[in-house]
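Student: Residue strings, one per chain:
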Amino acid sequence: DVKVTQSSRYLVKRTGEKVFLECVQDMDHENMFWYRQDPGLGLRLIYFSYDVKMKEKGDIPEGYSVSREKKERFSLILESASTNQTSMYLCASASSGLGNQPQHFGDGTRLSIL
Amino acid sequence: ILNVEQSPQSLHVQEGDSTNFTCSFPSSNFYALHWYRWETAKSPEALFVMTLNGDEKKKGRISATLNTKEGYSYLYIKGSQPEDSATYLCATEYGNKLVFGAGTILRVKS
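Protein sequences appear in the order of chains A and B. The working numbering numbers the first residue of the first sequence as 76 and each following residue consecutively. The working numbering numbers the first residue of the second sequence as 295 and each following residue consecutively.
No lab work stands behind these hints: they were computed from the structure. Fair warning: there could be bad hints in the mix.
[What the hints assert, rightly or not] Below, computed lysine to aspartate or glutamate pairings styled on EDC-like, alpha-carbon distance capped at 20 angstroms:
{"id": "1", "chain 1": "B", "residue 1": "403", "chain 2": "B", "residue 2": "378"}
{"id": "2", "chain 1": "B", "residue 1": "391", "chain 2": "A", "residue 2": "103"}
{"id": "3", "chain 1": "B", "residue 1": "352", "chain 2": "B", "residue 2": "377"}
{"id": "4", "chain 1": "B", "residue 1": "353", "chain 2": "A", "residue 2": "76"}
{"id": "5", "chain 1": "B", "residue 1": "391", "chain 2": "A", "residue 2": "147"}
{"id": "6", "chain 1": "B", "residue 1": "336", "chain 2": "A", "residue 2": "113"}
{"id": "7", "chain 1": "B", "residue 1": "391", "chain 2": "A", "residue 2": "131"}
{"id": "8", "chain 1": "B", "residue 1": "336", "chain 2": "A", "residue 2": "101"}
{"id": "9", "chain 1": "B", "residue 1": "391", "chain 2": "A", "residue 2": "137"}
{"id": "10", "chain 1": "B", "residue 1": "391", "chain 2": "A", "residue 2": "105"}
{"id": "11", "chain 1": "A", "residue 1": "78", "chain 2": "B", "residue 2": "339"}
{"id": "12", "chain 1": "B", "residue 1": "391", "chain 2": "A", "residue 2": "134"}
{"id": "13", "chain 1": "B", "residue 1": "391", "chain 2": "A", "residue 2": "113"}
{"id": "14", "chain 1": "A", "residue 1": "146", "chain 2": "A", "residue 2": "131"}
{"id": "15", "chain 1": "A", "residue 1": "145", "chain 2": "A", "residue 2": "103"}
{"id": "16", "chain 1": "A", "residue 1": "128", "chain 2": "A", "residue 2": "147"}
{"id": "17", "chain 1": "B", "residue 1": "391", "chain 2": "A", "residue 2": "126"}
{"id": "18", "chain 1": "B", "residue 1": "336", "chain 2": "A", "residue 2": "97"}
{"id": "19", "chain 1": "B", "residue 1": "336", "chain 2": "A", "residue 2": "182"}
{"id": "20", "chain 1": "A", "residue 1": "78", "chain 2": "B", "residue 2": "333"}
{"id": "21", "chain 1": "B", "residue 1": "336", "chain 2": "A", "residue 2": "76"}
{"id": "22", "chain 1": "B", "residue 1": "372", "chain 2": "B", "residue 2": "311"}
[Said to hold, decoys possible] A few chain B positions that, by computed beta-carbon distances, are all more than 10 angstroms from chain A:
{"id": "23", "residue": "322"}
{"id": "24", "residue": "348"}
{"id": "25", "residue": "375"}
{"id": "26", "residue": "379"}
Glycine included, C-beta positions come from ideal geometry on N, C-alpha and C.
Kindly produce the complete structure, drawing on both the sequences and the hints.
Tutor: Structure (structure tokens):
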């Protein structure tokens with residue numbers, strides 16, 4: 076079974092802090108994704124990566140950056156956390172050739188910015 | 295940004311009832327349609343990935359159909375059980391990204 080592990084289930088940080096959310100997958104997947112989920116909205120794509128050191132902006136990249144130094148690890152960085160970044164963050168991975176390939180998700184990190 | 299819509303927003307049914315949800319998506323440039331189940335305190339789990347018009351897939355009591363020409367998919371649950379309570383998400387694929395609907399929350403009362 077694919078395992079996608081997010082470093083924290085719950086995280087509380089203060090406004091202005093630099094925040095790192097880590098994600099590791101164990102299935103050698105090329106593609107990795109970061110989403111946020113807010114009440115009443117679907118999962119919204121922040122950034123994704125299709126290879127080591129490669130990244131592409133998703134639909135809501137403002138205020139975030141990412142890092143993918145190794146194939147198995149994809150980090151989401153909040154450069155200067157703000158209260159509107161309080162949300163549930165989900166990491167996912169998928170093999171390349173996304174057609175017919177489902178995404179595999181981590182358990183999520185519920186992040187609160189005070 | 296593509297618009298994927300799901301209805302209803304939420305649904306409460308009794309144990310044993312059969313139910314269905316709808317996912318609507320733009321039919322142009324269609325590539326694939328995904329369904330996921332997301333139970334509370336767990337990670338979203340893939341149910342189906344469908345690509346062909348007229349596709350039907352089944353997993354136990356859950357099945358899905360796809361109409362790519364008119365841009366919709368139905369998810370059916372036969373004989374709902376309390377363990378079916380979850381948020382059901384659909385997503386359409388474009389490029390190598392997914393665009394998700396807001397989900398349908400299903401609550402099954404025993």
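Student: Compare the structure with each hint and give your call.
Tutor: Here's how the hints hold up against the structure:
| no. | hint | in the structure |
| --- | --- | --- |
| 1 | 403/B <-> 378/B | 10 angstroms, holds |
| 2 | 391/B <-> 103/A | 18 angstroms, holds |
| 3 | 352/B <-> 377/B | 17 angstroms, holds |
| 4 | 353/B <-> 76/A | 18 angstroms, holds |
| 5 | 391/B <-> 147/A | 19 angstroms, holds |
| 6 | 336/B <-> 113/A | 16 angstroms, holds |
| 7 | 391/B <-> 131/A | 10 angstroms, holds |
| 8 | 336/B <-> 101/A | 18 angstroms, holds |
| 9 | 391/B <-> 137/A | 18 angstroms, holds |
| 10 | 391/B <-> 105/A | 13 angstroms, holds |
| 11 | 78/A <-> 339/B | 12 angstroms, holds |
| 12 | 391/B <-> 134/A | 10 angstroms, holds |
| 13 | 391/B <-> 113/A | 19 angstroms, holds |
| 14 | 146/A <-> 131/A | 15 angstroms, holds |
| 15 | 145/A <-> 103/A | 10 angstroms, holds |
| 16 | 128/A <-> 147/A | 12 angstroms, holds |
| 17 | 391/B <-> 126/A | 14 angstroms, holds |
| 18 | 336/B <-> 97/A | 18 angstroms, holds |
| 19 | 336/B <-> 182/A | 6 angstroms, holds |
| 20 | 78/A <-> 333/B | 17 angstroms, holds |
| 21 | 336/B <-> 76/A | 15 angstroms, holds |
| 22 | 372/B <-> 311/B | 7 angstroms, holds |
| 23 | 322 | 17 angstroms, holds |
| 24 | 348 | 16 angstroms, holds |
| 25 | 375 | 23 angstroms, holds |
| 26 | 379 | 18 angstroms, holds |
Going through the hint list in order, the structure satisfies each hint without exception.
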